[in-house]
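Start from the sequences, fold in the hints, and give me the full structure.
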Amino acid sequence: MGFLDIDNVTKSYGAVEVLHRVDIDVQEGEFLVLVGPSGCGKSTLLNMIAGLEGITSGEIRIKDRVMNGVHPSKRNIAMVFQSYALYPNMTVGKNITFGLEMHGTPAPEREKAMKEVAQLLQIEHLLDRKPGQLSGGQRQRVAMGRALVRNPDVFLFDEPLSNLDAKLRVDMRTEIKKLHQRLGTTIVYVTHDQIEAMTLSTRIAVMYDGYVQQLGTPKEIYDSPANLFVATFMGSPAMNVLPAKLAERNGALHAVLTGADGQERALRIENAPAAYAAYKDAPVMLGIRPEAITDPEGADRNARNIQMLTNRVTVTEPAGADTFVTMTLSGKDCIARMRADADVHPGHDFEFAINMDKAVLFDPKTEDRIA
Amino acid sequence: MAVASPETAIRTSRITRAFIYLFLLLFALFYLLPFGIMLINSVKPLSEITGGNMIALPRDWTIQPWLSAWSTAQIGVEPTGLRPYFINSLMMAIPAVILSTVVGALNGYVLTKWRFRGDTIIFGLLLFSCFIPFQIVLIPMARILGILQIAGTTPGLILVHFVYGIGFTTLYFRNYYAAFPTELVRAAQIDGAGFFQIFWRIMLPSSGPIIAVSFIWQFTNIWNDFLFGASFASGDAAPMTVALNNLVNSSTGVREYNVHFAGAIMAAAPTLLVYIVAGRYFVRGLMAGSVKG
Amino acid sequence: MAATTDTGADFRTRLQTWLPKLVLSPSLAIMLVFVYGFIAFTIYLSFTDSRMLPSFGWVGWENYDRLFRIREWNVALTNLAIFASLYIVISTAIGLSLAIFLDQKIRGEGVLRPIFLYPMALSFIVTGTAWKWFLDPAIGLENTMHLWGWESFTFGWIKDREMAIYTVVIAAVWQSSGFVMAMFLAGLRGIDNEILKAAQIDGASNWNLYRRIILPQLRPAFLSAFVILSHLAIKSYDLVIALTGGGPGNATALPATFMYSYTFTRNQMGIGASSAVIMLMTIAAIMVPYLYAELKEKK
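Line order of the protein sequences matches chains B, D and U.
Just so we're aligned, residue 1 is where the first sequence starts under UniProt numbering, counting upward by one.
Just so we're aligned, residue 1 is where the second sequence starts under UniProt numbering, counting upward by one.
Just so we're aligned, residue 1 is where the third sequence starts under UniProt numbering, counting upward by one.
It should be emphasised that the hints constitute simulated quantities derived from the structure, not laboratory data.
Where is the CB? At the ideal position from N, CA and C, for every residue including glycine.
You may find that some hints are simply not true.
Residues of chain D placed beyond 12 Å of chain U at every Cβ, according to the derived structure [said to hold, decoys possible]:
hint, residue
1, Gly-52
2, Ile-63
3, Pro-209
4, Ala-212
So the derived label-pair ranges between C-beta atoms look like this [unchecked claim]:
hint, chain 1, residue 1, chain 2, residue 2, range
5, U, Gly-249, D, Pro-58, 47 to 55 Å
6, D, Thr-12, B, Val-315, 46 to 54 Å
7, B, Ala-15, U, Gly-190, 33 to 41 Å
Laid out in structure tokens, this is it:
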């Protein structure tokens with residue numbers, strides 16, 4: 001039993017089911033991020049938790065209380081919206097206390113709660129202004145203040161940072177994380193930005209097409225993606241996914257790829273899971289993150305199985321801290337992430353060091369990870 | 001009205017521009033002339049009108065025609081002037097405008113923020129009512145007003161204008177509220193505000209412009225109406241337009257053109273005033289009524 | 001916004017689900033009675049032998065049959081055809097020209113625009129009164145020209161059975177063309193300036209710019225102008241009453257004046273009702289497809 005239980009919940013509009021049997025238990029103090037491309041159902045799920053949309057089947061419980069059919073204001077939740085949804089005709093102070101007023105909290109208490117929250121978020125000097133006079137970052141803080149003042153069981157965030165410019169977004173991200181660590185509140189947070197998901201969450205639910213594709217800690221999601229969708233959606237640049245063949249050579253399994261020159265390249269696999277055996281001599285998809293492909297000097301010293309692969313470099317993109325190097329493997333672009341001072345030149349052959357500890361294999365038909 | 005574009009990409013020659021200014025000025029004259037001449041002639045003695053040039057300024061300025069039109073001119077059988085009818089029109093227009101605006105605002109709020117299955121059909125039904133020729137409802141309306149015993153009275157006209165104004169006001173508020181962020185309504189719901197609290201505390205304080213549009217459009221339409229006034233409120237309860245028409249077309253005695261003009265300007269004054277004071281909203285009303293956003 | 005509709009919802013939530021419908025229902029009821037009920041009633045009357053008062057003797061299509069054999073009705077229809085087509089075409093032409101010219105960074109636009117538009121704020125009765133007199137040969141324009149020494153000038157259309165309908169067109173255009181101007185001007189101001197710059201870099205002349213780039217983008221404004229003007233034309237009643245009273249004789253009768261006089265002064269309610277039904281059908285033929293398309297687009 002979790003703090004917030006999403007128990008086999010589905011959502012249909014007429015005959016169309018848009019959310020299929022979602023089952024998530026959120027523990028108290030957890031920071032759950034729902035991430036996925038637009039239209040994946042993440043916002044619908046959040047709205048159902050908030051009570052803004054009905055539940056077609058299944059149950060949502062908060063602190064073991066069934067929430068189906070309970071009015072949003074009776075769920076003891078608070079929500080921060082993408083547009084902030086600050087009431088344009090009210091001052092910041094009024095915006096923050098409106099919910100308390102609606103719940104019948106006496107004025108002196110409202111005042112006190114407002115002061116506390118304003119101090120916490122450092123917006124005391126803004127209390128008498130109207131939302132129209134605030135900057136994007138200030139509005140964001142006010143919206144959070146409005147949520148905090150209610151002291152809710154669960155905070156819901158609906159893409160709260162997507163209207164901010166890049167720098168501010170990073171700052172606010174840190175603020176939210178600090179706030180969570182300090183207050184230890186339970187948060188459900190919707191975003192389409194996988195970096196936000198990775199940095200903020202204690203657990204991530206990756207959603208696509210109305211299904212939860214994978215639910216796990218950021219590390220699980222990143223290192224052991226359940227399927228090709230999760231593998232390519234999480235991480236930037238995306239994980240390289242290369243058609244390959246599993247073959248046994250010298251008594252060890254190898255992933256066999258085709259180089260830019262049309263010749264085969266074989267990468268040895270160590271400690272192969274038992275499931276790999278079934279794919280011997282069969283096509284698979286080899287998934288490997290860009291940072292697992294480096295120049296030999298930059299390779300991870302703790303890695304147990306580094307495989308060398310020489311191939312023609314197509315493009316190099318220096319990006320300050322890193323240099324991204326593109327080559328062609330099995331007919332696909334394959335990106336490597338190297339130190340800025342790696343000695344790589346387009347049009348020349350280069351010896352890449354591949355950390356096969358980090359490689360994963362997918363079934364080309366089901367697209368699920370082989371494990 | 002749209003703001004002037006900062007820079008139009010089109011360039012025109014001097015001769016073309018001269019032609020454009022000439023064209024625009026001629027049309028300005030065309031629009032100003034009939035009303036302007038009416039104004040000039042409303043302060044002339046009758047003899048100067050029948051015997052003289054209509055464009056000439058008066059030689060003897062007089063406000064007698066205005067006084068006569070207001071309080072002594074023969075309307076129908078009584079020499080009451082237009083004053084009682086002017087008051088009739090106010091008594092009719094103000095309640096009808098307020099009622100239809102309030103109902104339209106609530107309808108627009110429901111149709112955009114509390115959508116339910118079939119709401120588009122209901123809106124379609126409401127919208128079509130803006131465009132029916134009112135001849136199609138004259139006969140049954142006369143019967144109903146008779147049954148309700150408000151035929152030929154100002155309350156009867158208020159009812160009629162209220163009923164046939166709902167479509168327009170709903171259209172205005174629906175289009176306006178459609179652009180109003182729904183997230184605000186959701187936030188207010190989570191904050192615990194109910195249906196009417198959201199309307200009163202969140203929607204209405206931001207509705208100033210569209211309330212102005214609705215008021216102005218409804219007032220102009222109701223004040224200027226002739227068909228309903230002529231059909232359902234002859235005699236003492238007649239509105240200004242009907243009284244003016246009676247004044248102008250009364251066949252007894254000499255035609256006092258100057259009095260007619262003064263009366264016509266009186267009938268036009270309230271809507272013209274609204275247009276001058278709040279022309280921006282007037283134009284928006286026209287647009288909203290034409291381009292169904 | 002979807003109302004929560006789970007079973008077992010608490011009282012407040014259920015109330016909040018019903019309130020919106022409750023608030024909307026009086027309007028719906030009023031519409032169903034006062035618009036659609038009344039329409040049905042009038043349609044029913046048009047198949048009865050109603051005279052001074054509604055009566056319920058069924059006569060089938062007889063009223064329609066008689067209606068189209070009444071000379072005045074046919075005059076009214078012909079007049080409507082002449083009036084509507086000229087009114088729409090001329091108002092659109094003037095409105096479009098004024099809008100295009102006003103859009104050339106004109107000095108004094110702020111003064112000209114309200115002058116073009118103010119007639120729309122007037123009652124048709126006021127417009128009719130003004131023009132009736134302005135066009136009266138004895139004291140109006142013709143008389144003024146004579147006083148200025150142009151003795152041969154004649155302009156007696158308003159007294160002429162053949163030409164009187166055109167005076168209605170003049171007055172109606174005077175009233176509405178500024179409004180059409182405003183619609184087109186809004187359309188012109190909505191066109192992306194970068195498109196115009198691109199077209200000029202492509203070497204388009206002003207003429208081609210308007211013909212090939214700008215006018216096609218004003219399509220919605222053309223459509224709206226057509227729908228609004230045709231709707232106004234079919235409903236026209238006040239203006240004719242104030243300007244010509246339907247005369248000379250019944251030379252300027254329109255369906256709206258015909259309906260009124262047959263129903264309320266000639267006590268031929270059945271005929272009056274059938275003429276109202278024809279008017280409704282004509283407007284519906286224009287409005288229904290337009291509204292349908294507009295509402296569908298929104299979805």
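Are there hints from earlier that the structure breaks, and if so, what are their numbers?
-> 1 and 5
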